[in-house]
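For reference, the chains in residue letters:
Protein chains: 2
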Amino acid sequence: MADELNIPIPSVKRLPSYLRILRQAKENGEKNISATKLALELGLKPIQVRKDLASTGIEGRPKVGFVIDELIMSITHVLGWDNATDALIIGAGNMGSALAAYDGFSAYGLRIVAIFDKDPGKIGRSVGNLEILPVDTIYQYIKSHRVTIAVIAVPANQAQATADMLVKCGIRGIWNFAPKNLRVPEDVVLQRTDLAASFAVLSVKLGRKYCEETEGEVIESDING
Amino acid sequence: MADELNIPIPSVKRLPSYLRILRQAKENGEKNISATKLALELGLKPIQVRKDLASTGIEGRPKVGFVIDELIMSITHVLGWDNATDALIIGAGNMGSALAAYDGFSAYGLRIVAIFDKDPGKIGRSVGNLEILPVDTIYQYIKSHRVTIAVIAVPANQAQATADMLVKCGIRGIWNFAPKNLRVPEDVVLQRTDLAASFAVLSVKLGRKYCEETEGEVIESDING
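Residue numbers (the numbering used here), protein chains in the order written: chain A, 1 to 225; chain B, 226 to 450.
Hints were generated in silico from the structure; no laboratory data involved.
Please note: incorrect hints may appear among the correct ones.
[As the list claims (entries may be wrong)] Here are the simulated EDC-like cross-link-like pairs (lysine to aspartate or glutamate), alpha carbons at most 16 angstroms apart as the crow flies:
| # | chain 1 | residue 1 | chain 2 | residue 2 |
| --- | --- | --- | --- | --- |
| 1 | B | K393 | B | E411 |
| 2 | A | K143 | A | D86 |
| 3 | B | K434 | A | E186 |
| 4 | B | K288 | B | E255 |
| 5 | A | K209 | B | D328 |
| 6 | B | K434 | A | D187 |
| 7 | A | K209 | B | D412 |
| 8 | B | K393 | B | D361 |
| 9 | B | K347 | B | D311 |
| 10 | B | K343 | B | E356 |
| 11 | A | K122 | A | D103 |
| 12 | A | K31 | A | E70 |
[Unchecked claim] Listed next, the stretches of chain A that the computed footprint assigns to chain B, with coverage defined by at least 3 CB atoms under 8 angstroms from CB atoms of chain B:
| # | region |
| --- | --- |
| 13 | 97 to 104 |
| 14 | 134 to 147 |
| 15 | 186 to 192 |
Just so it is clear, CB atoms sit at the ideal spot from N, CA and C, and this is done for glycine as well.
Bound conformation, chain A alone (with noise of 0.2 angstroms):
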């Protein structure tokens, strides 16, 4: 975990990509990976790539490069995802439904273990593999399964009162989609996925971009998302 190391939060948004890379490179039969080659998939500088490794406490060599299973490993390690963290949805609406549905977690050792929702008319559908629960079960489900993550995918005028729901219950981490920010407390981390905020970069990239022919600007991608 990262208790011995500070890695900055860019640098940590960064991992999951090397990861990616890394594990798609094993899967081809490679053993050892340059940074150069990790900064060209990712559109990095080779610099940056070094620095973000050796962050989490592994150093190349020259010539050979990264050995892809200890990098695996030491990143993996890093984000706490060598052990799958059981996690659960509030809300079975279309966000709720597609992020119990997405089959993407896994890789990052996120499992969803159980979906909630407060319309009985909702309640014992399936999304996915799982079946819709009433939210009135939820504390109950907690202390049972001592889940520690859940994942906010409520309305925007429900979304204060199911975070201060979910901290009684005893949840340490919030990760919310609902468009809203939230205040929880101290001792609750909170992580929040804003699409709106995504588009409004995408919006005024393309603004800049056509409307500003003049400047000539080069726009990077954003990596960080």
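Please arrange chain B on chain A, whose structure you already have, making use of the hints.
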């Protein structure tokens, strides 16, 4: 549009959050709002709010604060959201279907007008109000409907080929949800939403909070998503 102003990207990312609160306040019949109130709602410092909003060309007045209507108009204009932008989605899997059915986009002027897939088994089925179209009709569609933005929601190994195809069809802005770093020509704007990067930050912050109890560091919620 953002042609006269050069607003920093972190400010751009916060603009949709201001917009959300301003619209809510307007619905509640309010006419004016203070930077302090906006700051409180979003968990920001008032000085940050004033700076962000000044960058859109609007300044508050002493005692009165900001005129809500004025601010909504200004932010919407800066983001280029005063006219709805048409976009299409490539990939009708879990993620693509969720995005197609997601009702939150319209609030920020993004209108999903079509969804495409290459799987014959999916063609003709409905997602939300849209019928899934065959991907080999996409060139025709883009040309006749003059769409400039595309959302990529295909598996990682098809993402680069999809981006190349979209660029050839004349798409100028790509919003990539596939877990893959894409390369596009300089005149195309690429924005990535990387769920793995978000979860990495949550994981590492959780690890730091519960493994470094000694440090007592306050971990702030990430408003930038």
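Hint check:
no.	hint	verdict
1	B:K393 - B:E411	holds, 13 angstroms
2	A:K143 - A:D86	holds, 13 angstroms
3	B:K434 - A:E186	holds, 10 angstroms
4	B:K288 - B:E255	holds, 15 angstroms
5	A:K209 - B:D328	violated, 28 angstroms
6	B:K434 - A:D187	holds, 8 angstroms
7	A:K209 - B:D412	holds, 8 angstroms
8	B:K393 - B:D361	holds, 13 angstroms
9	B:K347 - B:D311	violated, 22 angstroms
10	B:K343 - B:E356	holds, 13 angstroms
11	A:K122 - A:D103	violated, 22 angstroms
12	A:K31 - A:E70	holds, 10 angstroms
13	97 to 104	holds (count 7)
14	134 to 147	violated (count 0)
15	186 to 192	holds (count 6)
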